Amino acid sequence: MSHFLLMVLYALIVSVFFAILWRRDRRGQVALFLQLFLGMVLGGLAIAWLMYPFPSGPPQPIP
Amino acid sequence: MDSPEVIVVAEPDAEAAPEAPKEGAPAPAEPQGRPLLAVALAWLVPGAGHFYLGRKGRAALFMALVLIMLAVGLVLEGKLWRIVPGQPLSVLGTLGCAGLGIPYFVLRFFTGYEGNLVAQGYEYGAAFIVTGGLMNLLLVLDAWDIARGMKE
Chain A
1 MSHFLLMVLY
11 ALIVSVFFAI
21 LWRRDRRGQV
31 ALFLQLFLGM
41 VLGGLAIAWL
51 MYPFPSGPPQ
61 PIP
Chain B
1 MDSPEVIVVA
11 EPDAEAAPEA
21 PKEGAPAPAE
31 PQGRPLLAVA
41 LAWLVPGAGH
51 FYLGRKGRAA
61 LFMALVLIML
71 AVGLVLEGKL
81 WRIVPGQPLS
91 VLGTLGCAGL
101 GIPYFVLRFF
111 TGYEGNLVAQ
121 GYEYGAAFIV
131 TGGLMNLLLV
141 LDAWDIARGM
151 KE
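Residue numbers (this note's numbering), protein chains in the order written: chain A, 1 to 63; chain B, 1 to 152.
Hints are computed from structural coordinates only; laboratory data are not their basis. None of the values given here were measured: they were computed from a predicted structure. Hints are supplied without guarantee of correctness; some may be wrong.
[Said to hold, decoys possible] Per label pair, the in silico range of CB-to-CB distance: (1) B:K56 - A:P61: 29 to 35 Å; (2) B:L141 - A:P58: 42 to 48 Å; (3) A:R27 - B:G86: 46 to 52 Å; (4) B:G149 - A:D25: 37 to 43 Å; (5) B:F105 - A:W22: 27 to 33 Å; (6) A:P61 - B:R34: 50 to 56 Å; (7) A:W22 - B:L37: 22 to 28 Å; (8) B:R34 - A:F4: 44 to 50 Å; (9) B:Q32 - A:R23: 30 to 36 Å; (10) B:G112 - A:D25: 42 to 48 Å; (11) B:S90 - A:Y52: 43 to 49 Å.
Glycine residues also receive a C-beta, built at the ideal position from the N, C-alpha and C atoms.
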C-alpha cells in the first residue's frame, strides 16, 4: 500500500473518531471531520512538498 | 496630606444561595453508573465503557474504529512496543500500546506478536497500533466524564 493511501486511511479513521468523540450534533461532527481530515491530508502534502528539495540519500542497511 | 485609600473587598457570603444556572447554558448531566467500573471496562475492551453507560451506538463505532486501527497495524506487521531497558521512549510507546487493553495483552503474551522488523510497514504499522491505544485511552477519559455527569 502506498504511503499516501496509508496517510489518507490514518487521517480518515482519526478524523471520524474525534468527530464522534468531541461533537454531539450531526452538523458539528461533519464540520469537525472535514476540518481534521483535510487538515491532516493537505498538511501532510504541504510538508511533503516542502521537504522535496532535501535528498533522502541511499537506504541504510538494517543492522 | 490625603490619607491612603483603603479598598475593602467584600467576601462572598458563604450562606448565600448558589447562583442560578445562566440562561441558555446546558444543564449539567446526571452521574451515571459507577465511574471506576466504566473506566476499567473502557480500558479493557474498546467501547465497553460507553456500552456500560448506555451509549451503545457510540460504543459500537468506537470499538470498530479502535479495532480497525489495530487491524491495519497488524496487517502492516507493525511494531508492538515493549519496554526496553536503557530506552526511556520505549516506556511511552508501551504505555500507548497497552492502552488497547485486552487486545494488547493477548497479542503480547498469548501470540508472542512483536511485528516484523524487515516488513515495509513496520514503522507505519507501529503508528497505527500506538494510535489505536491512545484513542482507547481517550475513550477511558470520556467514559469517566460521562459516568461522573461532567459530559453527556
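Let me make sure I understand: some of the numbered hints might not hold for this structure. Which ones are they, in numerical order? When the structure is compared with the hints, numbers 1, 4, 9, 11 turn out to be violated.
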